[in-house]
Amino acid sequence: MYSQKVMDHFKNPRNMGEIPDADGVGTVGNPVCGDLMTIYIKVKNDRIKDVKFKTFGCGAAIATSSMTTELAKGKTLEEAMKLSRKDVADSLDGLPAIKMHCSNLAADGLHAAIEDYLKKKGAKK
Amino acid sequence: MFNKDIRRMTKNNNTGAQLLSNHRVYLDHSASNPIDSRVLDAMLPYFREHFGNPSSTHSLGQEALEALEESRRNVANLIGAKPSEIIFTSGATESINMAIRGAAFRNRNKGDNILYSAIEHMAVLNTTKYLVRQGFRGTSIPVDNTGVIDRDALSKSVCDKAVIVSLMYANGEIGTIEPVREAAEIVHEAGALLHVDAVAAACQIPIDVKRDGMDFLTISSNELYGPKGVGALYVKEGAKIEPLIQGGGQEKGLRSGTENVPGIVGMGKASEIAKAEMNPESERLTALRERLIEGTLENIRESHLNGHRNQRLPNNANLRFSYIEGESLILSLDMEGIQVSSASACTSKTLEPSHVLLAIGLRHEEAHGSIAFTFGRENVLSDVDHVLSVLPPIVKRLRMISPLTPKELLS
Numbered sequence: 001m002y003s004q005k006v007m008d009h010f011k012n013p014r015n016m017g018e019i020p021d022a023d024g025v026g027t028v029g030n031p032v033c034g035d036l037m038t039i040y041i042k043v044k045n046d047r048i049k050d051v052k053f054k055t056f057g058c059g060a061a062i063a064t065s066s067m068t069t070e071l072a073k074g075k076t077l078e079e080a081m082k083l084s085r086k087d088v089a090d091s092l093d094g095l096p097a098i099k100m101h102c103s104n105l106a107a108d109g110l111h112a113a114i115e116d117y118l119k120k121k122g123a124k125k
Numbered sequence: 001m002f003n004k005d006i007r008r009m010t011k012n013n014n015t016g017a018q019l020l021s022n023h024r025v026y027l028d029h030s031a032s033n034p035i036d037s038r039v040l041d042a043m044l045p046y047f048r049e050h051f052g053n054p055s056s057t058h059s060l061g062q063e064a065l066e067a068l069e070e071s072r073r074n075v076a077n078l079i080g081a082k083p084s085e086i087i088f089t090s091g092a093t094e095s096i097n098m099a100i101r102g103a104a105f106r107n108r109n110k111g112d113n114i115l116y117s118a119i120e121h122m123a124v125l126n127t128t129k130y131l132v133r134q135g136f137r138g139t140s141i142p143v144d145n146t147g148v149i150d151r152d153a154l155s156k157s158v159c160d161k162a163v164i165v166s167l168m169y170a171n172g173e174i175g176t177i178e179p180v181r182e183a184a185e186i187v188h189e190a191g192a193l194l195h196v197d198a199v200a201a202a203c204q205i206p207i208d209v210k211r212d213g214m215d216f217l218t219i220s221s222n223e224l225y226g227p228k229g230v231g232a233l234y235v236k237e238g239a240k241i242e243p244l245i246q247g248g249g250q251e252k253g254l255r256s257g258t259e260n261v262p263g264i265v266g267m268g269k270a271s272e273i274a275k276a277e278m279n280p281e282s283e284r285l286t287a288l289r290e291r292l293i294e295g296t297l298e299n300i301r302e303s304h305l306n307g308h309r310n311q312r313l314p315n316n317a318n319l320r321f322s323y324i325e326g327e328s329l330i331l332s333l334d335m336e337g338i339q340v341s342s343a344s345a346c347t348s349k350t351l352e353p354s355h356v357l358l359a360i361g362l363r364h365e366e367a368h369g370s371i372a373f374t375f376g377r378e379n380v381l382s383d384v385d386h387v388l389s390v391l392p393p394i395v396k397r398l399r400m401i402s403p404l405t406p407k408e409l410l411s
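Just so you know, the protein sequences line up as chains A and B, in that order.
Note that this note's numbering has the first sequence beginning at 1, numbered continuously upward.
Note that this note's numbering has the second sequence beginning at 1, numbered continuously upward.
Since the hints were derived computationally from the structure, they do not count as laboratory data.
Cβ atoms here follow ideal geometry from the backbone N, Cα and C, with glycine treated the same way.
Heads up, a few of these hints could be off.
According to the in silico footprint, chain B covers these stretches of chain A (three or more CB under 8 Å from chain B) [said to hold, decoys possible]:
#, region
1, 25-32
2, 45-56
3, 86-94
4, 112-122
Cβ-to-Cβ under 10 Å is the rule here; a few derived chain B residues that face chain A [unchecked claim]:
#, residue
5, K82
6, S332
7, L388
8, S389
Please put together the full structure from these sequences, using the hints given.
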């Protein structure tokens, strides 16, 4: 059902946790649907210096969250905005078809966190 | 022998989980049961040696016919029916279709309303939907928060031109046992027919179709540790139904097609064993269930039992863990060698959480975090202890990952 990589990220999620003084926070999904994830980012010189996640959901939801944080770390905001759901799924050696849409939300969560950061930054100016 | 069989059968797991433990525990008996080796032994001669067609006049055919009728007696004996009231089918889904569609079409002059409890199996719900497309009406009867049917709602709806009512003897997902005898009185007083799905109950609690007042009753062979692909429908003497399948007139014309003799022999043997061993086995399973329920509720905060506390199937413990999702629990348990079922959206084909859990009033996110542990013949006390040792750290880890978990629960 799941690739070895998905199971690895499910068993040993990377960057799991919260960033209390995050520069941007993005939450996507809905517990009613069975998947909810929050992505926290720290930004320095337009680069993602640190990123963490918390996820309620199935194995795929946890694994895609973990992989997204790994892919995002160190990227410029522009590069991170281009990170797609497909990139995340490909990096995990694929996901079952039914999971592609319902559980593969973490890239959206990352984009929401970046938008939150840009909004806050704009407000400060 | 039996234990060895199951250990071997559960060795291959397909979720991609790598086992962390050598202790393998199968706790998904409401999904599938291993065939009892005594049942398999009884079946084997009917594949090659005694392969006759029961409709044939010669001795080989008559041997098969004899075996078929012996099985019919054993199945009838399990549920207190006459052998002539047992129709063999390809499984519970066919039995349910036959009873509801067959009775609705045949008795259309008596009413057009199909009643069913809100926690029925998809075979009942989708058969009703089909009948609604054919001009019937469908009425769902609510259950309370333990899963017990609302008798007042049943009394009211059954008077609205009900033709057939479909209820469960016990629900295999949440374990709740229904007051079927009381329901039968209500249904018959209004002149309607009663079908009862006894798939989950038949192996575990004594059923007597005469005492309980049933017109139709569905049972499945696999739930009795018999082969898959075989089931039976009890049709009360005098009850009229339209057959689903037309052909050579086998099974009193109600289910044409050459009989699946090896499968039916297996179901007969499985019924005989279930009847003989039911009392001590149900007592044993109840003890396993109680140890799991009590151990979980004591050791894991914000864990809850779904279904009725006492009025439940001996083998069923449906437990709910707040703030986490069922599939990630299943994967984690599978890595520890424990195989269970979740009714969460992520494990279903529809992405919807179980209609059974929603019917007992759970919120969607609560339904997502529910797991059904269903015990069976090969389970022993040390299996429960294994679950109880790995479950708290698994729940804790997933709660750490979840953004919904309140901080004080993690301390």
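For each hint, the structure was consulted:
1. For the region 25-32 of chain A, the proposed coverage by chain B is satisfied: 3 residues have a C-beta within less than 8 Å of a C-beta in that chain, meeting the threshold of three.
2. With 3 residues bearing a CB less than 8 Å from a CB of chain B, the region 45-56 of chain A meets the requirement of three and the coverage assertion stands.
3. Chain B is given as covering the region 86-94 of chain A, and this is violated because 0 residues of the stretch bring a CB closer than 8 Å to a CB of that chain, at least three being needed.
4. Against chain B, the region 112-122 of chain A contributes 0 residues with a C-beta closer than 8 Å to a partner C-beta. That does not satisfy the three-residue criterion, and the hint is violated.
5. Annotation: interface hint on K82 (chain B) violated; nearest CB of chain A at approximately 46 Å, more than 10 Å.
6. Contact between S332 (chain B) and chain A, as hinted, is supported at the beta carbon level, the nearest pair being about 8 Å apart and thus within 10 Å.
7. Taking 10 Å as the C-beta contact cut-off toward chain A, the hint placing L388 (chain B) at the interface is violated, the least distance being around 21 Å.
8. For the restraint placing S389 (chain B) at the interface with chain A, the shortest Cβ-Cβ distance is roughly 18 Å, beyond the 10 Å limit, so the hint is violated.
When held up to the earlier numbered hints, the structure conflicts with 3, 4, 5, 7 and 8 and fits the remainder.
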